[in-house]
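Asker: So the chains spell out like this:
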Amino acid sequence: MNKSHTIRIKVNGTAYERAVEPRLLLADFLRETLGLTGTHIGCEHGICGACTVLVNGHSMRACLLFAVQLDGAEIDTVESLGTVDKLHPLQESFREHHALQCGFCTPGMLMTGVDLLRKRPLATDDEIRDGLSGNLCRCTGYEHIVAAIRTAVRERDEVSGKAVR
Amino acid sequence: MKPAAFEYAAPSSLQEATKILADYNGEAKILAGGQSLVPMLNFRLLKPQILVDINRIPNLDYIAEHNGGVRIGALTRHYALETSPVIAARFPVISEAMRHVAHLAIRNRGTLGGSLSHADPAAELALMAILLDARLTAASASGTRIIEAKDFFVGALSNALEESEILREVEFPGFPLFTGWGFEEFAQRLGDFAVAAAAATLTMSGARCTQCRIAVIGGETVVRAVNAEALLTSSSLDDKTITAAAKAAAQATPMNSDLRASSDLRAHLVEALTRRALEAAKHRALEKQQ
Chain A
0 MNKSHTIRIK VNGTAYERAV EPRLLLADFL RETLGLTGTH IGCEHGICGA CTVLVNGHSM
60 RACLLFAVQL DGAEIDTVES LGTVDKLHPL QESFREHHAL QCGFCTPGML MTGVDLLRKR
120 PLATDDEIRD GLSGNLCRCT GYEHIVAAIR TAVRERDEVS GKAVR
Chain B
0 MKPAAFEYAA PSSLQEATKI LADYNGEAKI LAGGQSLVPM LNFRLLKPQI LVDINRIPNL
60 DYIAEHNGGV RIGALTRHYA LETSPVIAAR FPVISEAMRH VAHLAIRNRG TLGGSLSHAD
120 PAAELALMAI LLDARLTAAS ASGTRIIEAK DFFVGALSNA LEESEILREV EFPGFPLFTG
180 WGFEEFAQRL GDFAVAAAAA TLTMSGARCT QCRIAVIGGE TVVRAVNAEA LLTSSSLDDK
240 TITAAAKAAA QATPMNSDLR ASSDLRAHLV EALTRRALEA AKHRALEKQQ
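Protein chains in written order, with numbering that gives the first Met the number 0: chain A, 0 to 164; chain B, 0 to 289.
Each hint should be verified, as a subset may be incorrect.
[Unchecked claim] The calculated lysine-lysine pairs, modelled on BS3-like cross-linking and capped at a C-alpha distance of 30 Å, are:
(1) A:LYS9 x A:LYS118
(2) B:LYS149 x B:LYS287
(3) A:LYS2 x B:LYS28
(4) B:LYS287 x B:LYS246
(5) B:LYS18 x A:LYS2
(6) B:LYS28 x A:LYS9
(7) B:LYS46 x A:LYS2
(8) A:LYS2 x B:LYS1
(9) A:LYS85 x A:LYS118
(10) A:LYS9 x B:LYS1
Hints were generated in silico from the structure; no laboratory data involved.
With the sequences and hints as input, model every part of the structure.
Answerer: Okay, here's the thing in structure tokens:
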């Protein structure tokens with residue numbers, strides 16, 4: 000009854016074709032089927048934000064999507080950001096500000112951060128906190144995460160020539 | 000947890016989708032944004048035989064002006080509502096409410112039709128539908144019908160749709176001129192479902208209130224506070240009447256009691272939030288007259 004469906008999907012720029020059972024969550028597809036374990040699974044019901052990835056450029060919970068729905072979609076996971084030798088500017092900012100302790104929430108924080116930096120002015124720390132409110136960190140290193148995003152906002156606005164507010 | 004096994008269909012038309020719903024006779028679930036459905040599947044609170052994914056159906060994602068109001072496709076994402084200039088201009092109260100609907104990653108995926116169909120009694124969009132007398136269009140194999148918002152929310156997580164119907168469009172009728180609005184919510188964390196909330200619109204003619212609408216979150220379903228509305232209609236919106244109306248709003252429905260808040264606390268919150276929403280609405284209505 001739960002026959003497999005074949006999907007074509009682009010993950011971090013690489014095209015894949017895989018047969019998936021309908022109930023396979025995107026998060027499990029990324030980790031188990033493709034071996035991309037950067038995406039973490041915390042609560043599995045959309046509360047913690049650890050599994051946040053970009054779907055066609057927009058941040059979404061990978062535990063609240065089925066792989067079968069994403070035929071033709073483009074997914075970006077934390078692996079798309081940078082490498083150990085060449086960190087993405089947001090990763091560099093997280094490193095500088097000690098914005099991670101155990102690191103479990105970090106992939107979700109980073110992918111949420113990428114979407115926030117594209118979509119919102121983030122003029123105040125309150126606005127950054129508001130934007131991150133869907134991502135839980137149980138080491139409670141929130142202050143450092145906010146500081147890391149703040150630096151990234153500054154860099155973004157300098158590059159785009161926008162006055163720093 | 001992982002969901003129990005199910006079949007999957009991604010029809011490309013409403014006709015096809017409603018046919019599957021009819022064929023599976025109550026054993027099918029509609030998958031729109033999935034931001035409430037998938038958690039329930041993951042917890043195995045629901046074990047449908049088939050998911051009918053409506054995301055491949057064209058022309059369900061739009062915000063169109065209509066007779067001074069708006070018509071919104073059921074598959075319109077929260078993020079589109081939140082950032083829509085049409086909504087900001089016509090229904091700023093909805094723009095304000097959207098700021099309280101979950102978080103960016105949920106808003107990017109969640110849909111208006113999904114939220115309303117899920118009928119969570121603490122959902123901001125249900126509050127907007129009730130407050131603004133939304134008209135919901137349901138489609139089935141045999142045609143379409145309009146359901147008034149007040150008839151749509153039957154109980155907590157329960158709506159008036161038949162098993163073979165799909166919510167297709169939501170119309171918010173236009174505001175009269177000189178209408179002010181207010182929206183106030185208490186939640187434990189920004190983006191959480193409301194513990195309590197109140198929203199109001201006040202229409203003024205000179206110093207007199209000609210139409211008043213108040214809706215509150217706190218009970219088994221979102222309700223209009225009709226007694227409170229009656230107190231304010233034709234009044235001059237003086238402080239004493241607003242205070243009395245806020246008290247009446249807290250009695251509009253028996254308040255829920257759960258781990259987050261007792262029914263007494265919810266009643267207290269609804270009263271305070273209603274007063275604030277009314278004051279904001281009055282202020283905005285008077286501003287418009289100037």
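Asker: Against this structure, judge whether each hint is valid.
Answerer: We went through each hint and held it up to the structure:
1. A:LYS9 x A:LYS118: holds (23 Å)
2. B:LYS149 x B:LYS287: holds (28 Å)
3. A:LYS2 x B:LYS28: Since the Cα atoms of A:LYS2 and B:LYS28 sit roughly 18 Å apart, the hinted pair holds (cutoff 30 Å).
4. B:LYS287 x B:LYS246: Distance of about 27 Å is within 30 Å: holds.
5. B:LYS18 x A:LYS2: holds (20 Å)
6. B:LYS28 x A:LYS9: holds (28 Å)
7. B:LYS46 x A:LYS2: holds (16 Å)
8. A:LYS2 x B:LYS1: Given pair A:LYS2, B:LYS1 holds - Cα atoms ~17 Å apart, limit 30 Å.
9. A:LYS85 x A:LYS118: holds (25 Å)
10. A:LYS9 x B:LYS1: Roughly 24 Å separates the two Cα atoms, so the pair holds.
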